[in-house]
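Chemist: Residue numbers (our numbering): 285 to 411.
Just to be clear, a hint being listed does not mean it is correct.
[What the hints assert, rightly or not] Here are the simulated SDA-like cross-link-like pairs (lysine to any residue), alpha carbons at most 20 Å apart as the crow flies:
#1 K332 to T381
#2 K402 to D333
#3 K332 to V384
#4 K332 to R300
#5 K402 to S379
#6 K332 to R365
#7 K402 to Q377
#8 K332 to T363
#9 K332 to R353
#10 K332 to L321
#11 K332 to V399
#12 K332 to G345
#13 K402 to F380
#14 K402 to C297
#15 K332 to R376
#16 K402 to F385
#17 K332 to I295
#18 K332 to L369
#19 K402 to H361
#20 K402 to L358
#21 K402 to R343
#22 K402 to D339
#23 K332 to D289
#24 K402 to L346
#25 K402 to L340
#26 K332 to L298
#27 K332 to L346
#28 K402 to G307
#29 K332 to D374
#30 K332 to G307
#31 K402 to G375
#32 K402 to G345
#33 K402 to N317
#34 K402 to R353
#35 K332 to L287
#36 K332 to C297
#37 K402 to L359
Hints are computed from structural coordinates only; laboratory data are not their basis.
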Amino acid sequence: MPLPDLYRAYIDCLNRRDWAELGRYVGGDVEHNGRPLGLAGYRDMLVKDVEEIPDLRFRIGLLVCEPPRVAARLLFHCTPRGRFLGLRVDGRQVSFTENVFYAYRDSRIASVWSVIDKAAIEAQIGA
Numbered sequence: 285m286p287l288p289d290l291y292r293a294y295i296d297c298l299n300r301r302d303w304a305e306l307g308r309y310v311g312g313d314v315e316h317n318g319r320p321l322g323l324a325g326y327r328d329m330l331v332k333d334v335e336e337i338p339d340l341r342f343r344i345g346l347l348v349c350e351p352p353r354v355a356a357r358l359l360f361h362c363t364p365r366g367r368f369l370g371l372r373v374d375g376r377q378v379s380f381t382e383n384v385f386y387a388y389r390d391s392r393i394a395s396v397w398s399v400i401d402k403a404a405i406e407a408q409i410g411a
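Based on the provided sequences and hints, a complete structural model is requested.
Modeler: As structure tokens, then:
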């Protein structure tokens, strides 16, 4: 499967909350921002995100693929329940972006580098 299609299928898996299928897209020894999480730790991180933000949806705003790498700008409009990124959002709707870079190995995500636009959230909640 071409890398852009593989990445879109991964995003669809996240939006369907199909955690049992996550291993089709994410390697067993995946790292996130330099931390080795493994597939189970990565899944736990995503499950926790969805528990804290039930209406979380991943939308691709920009996608650039240069195998074996993917760069994406993800768009979010959601309602975190309590604290998010150390900020008291407490159920207010916020919009923000995430710039994320992936390295693939054997057609699975091997590493992820992610930066969320925290300043956009701070501006919306008056922090």
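Chemist: Quickly compare the C-alpha distance for K332 and G345 to 20 Å and report which way the hint goes.
Modeler: Answer violated: K332 to G345 is near 23 Å, above 20 Å.
Chemist: If you draw a straight line from the CA of K332 to the CA of T363, is it 20 Å or shorter?
Modeler: 14 Å, holds
Chemist: For the pair supplied as a hint, K332 and R353, confirm whether the alpha-carbon distance does not exceed 20 Å.
Modeler: 26 Å, violated
Chemist: Is the hinted pair K402 and Q377 satisfied, with a Cα-Cα distance of at most 20 Å?
Modeler: Given that 20 Å is the threshold and the Cα spacing comes to 14 Å, the pair holds.
Chemist: Sort out whether F380 lies within 20 Å of K402, counting only the CA atoms.
Modeler: 8 Å, holds
Chemist: Given the hinted pair K402 and H361, is their Cα-Cα distance within 20 Å?
Modeler: OK: K402 and H361 at ~13 Å, within 20 Å.
Chemist: Assess, step by step, whether the Cα of K332 is no farther than 20 Å from the Cα of R365, and give holds or violated.
Modeler: 12 Å, holds
Chemist: For a C-alpha distance cap of 20 Å, please report whether K332 and L321 respect it.
Modeler: At roughly 14 Å apart (the allowed maximum being 20 Å), L321 and K332 satisfy the hint.
Chemist: Is the straight-line distance between the alpha-carbon of K332 and that of V399 20 Å or less?
Modeler: The hint holds at about 18 Å.
Chemist: K332 and L298 were given as a pair; does the straight-line alpha-carbon distance stay at or below 20 Å?
Modeler: This hinted pair holds, its Cα atoms lying about 13 Å apart.
Chemist: Run the distance test for K332 versus V384: straight-line Cα separation, threshold 20 Å.
Modeler: 19 Å, holds
Chemist: Is K332 close enough to D374, meaning Cα to Cα at most 20 Å?
Modeler: Within the cut-off at roughly 16 Å; holds.
The structure fails to meet hints 9, 12, 14, 23, 27, 28, 34 and 35 from the earlier list, while all remaining hints are met.
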